[in-house]
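Protein chains: 2
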Amino acid sequence: MPPVSSSAKSVATRNDVARLAGVSTAVVSYVLNGSKRVSPQTAAKVHDAVAMLGYRPNQAARALRLGSPEMLGIVVPDATNAFFADLTHEVELAAEERGLALLTANADRSPERERRLVEKFVTRRVDGMLLSSTLAVPDARALVPGDVPFVLMNQFDDMPGVNTIGVNLFEGARLGVEHLASHGHRTVGLVSGITAGGDLDPREAGWRAAIEQQGLEPGPIVREPFTKPGGYAAGRWLIETNTLPRAMFVSSDQMAVGLLLALHESNIRVPDDVAIVSFDGTRDGEYSWPPLTSVSQPVRLMARAAVAVLVDGAPETSKQLFAPALVRRVSCGCGDHHRVSP
Amino acid sequence: MPPVSSSAKSVATRNDVARLAGVSTAVVSYVLNGSKRVSPQTAAKVHDAVAMLGYRPNQAARALRLGSPEMLGIVVPDATNAFFADLTHEVELAAEERGLALLTANADRSPERERRLVEKFVTRRVDGMLLSSTLAVPDARALVPGDVPFVLMNQFDDMPGVNTIGVNLFEGARLGVEHLASHGHRTVGLVSGITAGGDLDPREAGWRAAIEQQGLEPGPIVREPFTKPGGYAAGRWLIETNTLPRAMFVSSDQMAVGLLLALHESNIRVPDDVAIVSFDGTRDGEYSWPPLTSVSQPVRLMARAAVAVLVDGAPETSKQLFAPALVRRVSCGCGDHHRVSP
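Here the protein sequences line up with chains A and B, keeping their order. Position 199 of the first sequence, counting from 1, maps to 199 under this note's numbering, and the rest follow consecutively. Numbers given in this note's numbering equal positions in the second sequence, counted from 1, plus 342.
No lab work stands behind these hints, which were simulated from the structure alone. Being a predicted model, the structure only gives us computed values, none of them experimental. Watch out, some of these pointers could steer you wrong.
[Unchecked claim] Here are the computed lysine to aspartate or glutamate pairs in the DMTMM-like style, where the Cα-Cα straight-line distance is at most 25 Å:
(1) B:Lys-387 / B:Asp-358
(2) B:Lys-462 / A:Glu-97
(3) A:Lys-120 / B:Asp-390
(4) A:Lys-45 / A:Asp-78
(5) A:Lys-45 / A:Asp-139
(6) B:Lys-462 / A:Asp-16
(7) A:Lys-120 / A:Asp-48
(8) A:Lys-45 / A:Glu-90
(9) A:Lys-120 / A:Asp-108
(10) B:Lys-387 / B:Glu-461
(11) B:Lys-462 / B:Asp-654
(12) A:Lys-120 / A:Asp-312
(13) B:Lys-462 / A:Glu-90
(14) A:Lys-45 / A:Glu-119
(15) A:Lys-120 / B:Glu-432
(16) A:Lys-120 / B:Asp-358
(17) B:Lys-387 / B:Glu-432
(18) B:Lys-462 / B:Asp-390
(19) A:Lys-120 / A:Asp-78
(20) A:Lys-120 / B:Glu-439
(21) B:Lys-462 / A:Asp-312
Next comes chain A alone, as it looks inside the complex (with noise of 0.2 Å):
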């Protein structure tokens, strides 16, 4: 699956810098590399520089001068989410093919433990760095020296100066809903997360614009953390306030394990009563019960595309958005799963 959309921005480049610094090209390099001694003065106007133009030299030229080990860094928001758990893994992967080690690291959705963790990174002079960031960008890319080339995983948005990778969150949510009218149902819920500084999630704008272009009803919608308990306390509360639909978009794996639990003590069906589909296409909601349809993110290719802007340096600012994928299980209404007992 190649990337469906990619934007390019021009990108300072080392002549830019030593333009601004008032220094030459080669100062340039002495400073970045460590290669030369230069004066504290001449260092801190350089350093000026990069952080104003954003620049960051082409990583693999850097990393074969210095011959140095190379080392990736990754924080992910949730370690123990199964999402990010094949994530980390197929980052580790990628990295080892071109010889690199991967420290990780997990911010527990707090983005104070964050700031402190990539700053910890940064001091260990990791060669490059993979952000799932709990944090909103222009903070991360204010903590990321100039120096270091990084990329934001996770990312819908443009993002001037960032290079991006991430999967349609609109388009996602679109296909699951859609999969849902064609079960026939018309009115459709959503469970949603709540994510970084409060921005609207585009898994919302998705299910909206399905809803519309369907000619659906919307059902409720429902925030909560992106974990297994905020989907069970989306799904205590839909029954509490008897306000539980017929079909529910939920927006991660995670939250629909939780709801599921929510249901199953209530003795509430799942695709008879209520039917799902969630996001992520983890193998937590293929062991779950049912299995879960779900909107796939193609983990390996995005691992793969982010080490390969990091070791190779991207040309430009890029930002690379894959499509997402429906896995048709059985909590949608998709076939009986049931197996005739011997």
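Following the hints, put chain B in place on chain A, whose structure we already have.
Leaving out everything else, chain B in the frame of chain A:
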């Protein structure tokens, strides 16, 4: 929960290494710290003596002397298993408290891959290593140079010359089977994981001991990989051969989740038709349907103990065996988890 047992062996000192290599203790330090150049012949003699004696210098002192940024490495057999995801995260937190970063790697249950990963960590000069190994222990020991502190996690047996941390698997299985007996079951089967090197899993001995002590009938034993597909295969086999007993002890939550899927597919009810107690106490079992009664491992305590051994050094070879605890949920027949629907 303190370690429930610990055994001590006398280990080699720097004096022993110096004597065997025929050099002074200062030369041993030069070689191990890289603090002065010595001839390749002398260095080889020291390294041979270190390997023969299994000598490990005190890590904290070594790191201080070098003043290097410190980094631990962990290799787990399956990073997508919730137990190892938890363990890795707890080790990360414990390491962070000591100002250490953590390199992680996933052996994907391949001894060949694990061997390569350990070698890479050694090349990268990690300051300490945690293995939760798929390798036979002597192989693992041989891979790690004598001057790199290492801890074997998930280790139950005595391993002379190696620091080990584990949970009492035998006792855990006994607890689980006894609990099923307390629900009135007289026949209890076993779903067991296939272990590295084909050794008998101590949980199998614990299951058997409880069967004998309680005067129960042993049910069928099925051995499959420690994964969700492995548990699913075990369930299919028990159903197809019509040998499914009324109660099962399952050696991991992952396998129990797979088993549940096979049972659901055949409309077999848990705990009404089959009662289940599993092992690990992960979040996967908290959100499965029904929620799993499981013998829980004290992951946080084990992670802290492992980091303490690596950083503070063990005064002698140490074996720390932690006590497991039964977490009662629904799959065993305890309570009625169904809430009243409003």
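Right, here's what the structure says about each hint:
{"no.": "1", "hint": "B:Lys-387 / B:Asp-358", "result": "holds (13 Å)"}
{"no.": "2", "hint": "B:Lys-462 / A:Glu-97", "result": "holds (13 Å)"}
{"no.": "3", "hint": "A:Lys-120 / B:Asp-390", "result": "violated (37 Å)"}
{"no.": "4", "hint": "A:Lys-45 / A:Asp-78", "result": "violated (38 Å)"}
{"no.": "5", "hint": "A:Lys-45 / A:Asp-139", "result": "holds (22 Å)"}
{"no.": "6", "hint": "B:Lys-462 / A:Asp-16", "result": "violated (39 Å)"}
{"no.": "7", "hint": "A:Lys-120 / A:Asp-48", "result": "holds (21 Å)"}
{"no.": "8", "hint": "A:Lys-45 / A:Glu-90", "result": "violated (39 Å)"}
{"no.": "9", "hint": "A:Lys-120 / A:Asp-108", "result": "holds (16 Å)"}
{"no.": "10", "hint": "B:Lys-387 / B:Glu-461", "result": "holds (21 Å)"}
{"no.": "11", "hint": "B:Lys-462 / B:Asp-654", "result": "holds (24 Å)"}
{"no.": "12", "hint": "A:Lys-120 / A:Asp-312", "result": "holds (24 Å)"}
{"no.": "13", "hint": "B:Lys-462 / A:Glu-90", "result": "holds (18 Å)"}
{"no.": "14", "hint": "A:Lys-45 / A:Glu-119", "result": "holds (21 Å)"}
{"no.": "15", "hint": "A:Lys-120 / B:Glu-432", "result": "holds (18 Å)"}
{"no.": "16", "hint": "A:Lys-120 / B:Asp-358", "result": "violated (39 Å)"}
{"no.": "17", "hint": "B:Lys-387 / B:Glu-432", "result": "violated (39 Å)"}
{"no.": "18", "hint": "B:Lys-462 / B:Asp-390", "result": "holds (21 Å)"}
{"no.": "19", "hint": "A:Lys-120 / A:Asp-78", "result": "holds (18 Å)"}
{"no.": "20", "hint": "A:Lys-120 / B:Glu-439", "result": "holds (13 Å)"}
{"no.": "21", "hint": "B:Lys-462 / A:Asp-312", "result": "holds (22 Å)"}
Of the numbered hints given earlier, the model fails hints 3, 4, 6, 8, 16, 17; all others are met.
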